[in-house]
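> Whenever a hint applies, use it, and build me the whole structure from the sequences.
Going down the list, the protein sequences come from chains Z and R. So the first sequence is numbered by this note's numbering: it starts at 1 and just counts up by one. So the second sequence is numbered by this note's numbering: it starts at 1001 and just counts up by one.
Think of the hints as simulated: they come from the structure by calculation, not from any bench. Watch out, some of these pointers could steer you wrong.
Within a straight-line C-alpha distance of at most 30 Å, the following computed BS3-like cross-link-like pairs (lysine-lysine) qualify [stated by the list, open to error]: (1) Lys-1150/R x Lys-4/Z; (2) Lys-1126/R x Lys-4/Z; (3) Lys-1243/R x Lys-1220/R.
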Amino acid sequence: MKNKSVYIYGVIFAVLAVAPFFLNPYWVDVLNNVGLYAILGLSLNLIVGHAGLFNLGHAAFFAVGAYTAAILNTQFAIPVLWLLPVCALTAGLFAAIIARPIIHLRGDYLCIVTIGVGEILRIALTNDLFGITGGPNGIFGISRPTVFGYVIRKPHEFYYLIGTFLMVTIFLFHRLENSRFGRAVNYLREDETAAEGSGINTSHYKLAVFILGAAWAGMAGDIFATKMTIIAPESFSFWESVVMFAIVILGGSGSIPGVLLGAVLFVGLPEVFRDFADARMLIFGAAMVVMMIVRTEGILPQRPRTYALPEAQNAGENS
Amino acid sequence: MSLLGLQNLTKSFGGLMAVNEVSFDVDEGAIVGLIGPNGAGKTTVFNLITGNHRSDRGTVRFEGNDITNWLTHRIVKLGIARTFQTIRLFQNLSVLENVLAGCHCRMHSGSVSAMLRTPGERREEKKALDRSLEELSFVGLAGQEMQLAKNLSYGNQRLLEIARALATEPRLVILDEPAGGMNEQETAALIGTIRRIQKRGVTTLLIEHDMSLVMKACEKIVVLEYGSKIAEGTPEAIKGDPKVIEAYLGTED
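Take a look at the structure:
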């Protein structure tokens, strides 16, 4: 079973690694968007999938990262890739400030507040906040990233940049899931009172996971800004938050393969079925309804962690 | 020496006086039972000790620290672990991970060391795993590690809660109706488990309706009725106490 999935992932990885050589720039760019949304989905998955905190305003943190990169790059000519940690910091800080007073809210209440935060930020950006966000036109002229003096311009070059970022994200988040931290946020999702009663500082972990997810979205914002070279408030609408949320819920809450599949289905598939563009929302809506009835945990749900148990205790139950 | 001390603990919900000026001590190494008719305020007393409710008045002292109204996770870290009357396991997680939850407060690794998987983090994980397996075999759940908690029988779920509580390395465990839903054999085994907890040097405070368990296991019994303490003493003294008999059976007139 385990060998089989390693084999499948190996093949997918190999195909994706050489894909740009066989695809035209348009399709490579579609894959770039899939990758970017996969990173965003994975960052939101920490908050929604693992900790069970309903965040429908994730685009706000994405926006904070993108605008941080855009402003610092266009004003001070700081290379965009150097700005990755800065974008993580600003998005994380923004998350800390807004989450501190609202994080204790449950389920639907938290959801509504995060929607509000996302919309407030978008409107503030449109109204040229502090005179530095460029209003509805946004900011243009963001420079391309350079890696060891090599300027990344073309879609297939971005493909490998985004691909690397995605691989690193998967690697780190996989480790995070299988750790004390990962378990702690799962405990609080399952039963907050029991988690607190088992000695887990639940408010600390809620805040920590929220900030971590937001900081990662901020870094994705940096990559987005340099890929587009122009950003505007409309790129960070409520709809973007909904797409990220749906990627997590539909793909599989708390499951890395699930979120990756979700990103493919939500961002890649609509491009494949361009001809049916008019019916897209209808099909998506219907798919969502069906999923919520027959498979609430998502297409590829979270799988139990495995532990190195002595003897053959793992056998049998692992099938 | 008294490990836990309650002084004039009081809590009301709206107009209902749930706990009224309750004071008692739990000596180190003892097994103490808290009994009383339904609605007497026993679970509320537990919730006040473990910080699930905030008290209106009175103090809770543990090993010389005033822990009144502390946050629950700090109280657990200081050394008081509990189980719940209505079982509160992480139902969709494995039995093993439920016990690992208890180990959490004795570990230190954060998100960064998890992502880097530092040697210290690995050592700590290994230690927590070993400890969890020990606690599972201590309560008699060895071999069921990878089952989901919700698939265990009711009695075994109660044992799993005890294992999770013990994994926090407590000085005092508070068991809220540990024998609820258990049959006679399971209850008998539970009494053995409670005695073995005592041998480890862990003090026990428990609520129980099964009088055979209370009389056999406890060295001291505290009786509550309508939120107030009506008696306190050895099982023999409690059995003969007219106020207790009246509370349970009523008077003739």
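> Could you run down the list of hints and mark each one as holding or not?
To see whether the hints hold, each was checked on the structure:
no., hint, result
1, Lys-1150/R x Lys-4/Z, "29 Å, holds"
2, Lys-1126/R x Lys-4/Z, "27 Å, holds"
3, Lys-1243/R x Lys-1220/R, "17 Å, holds"
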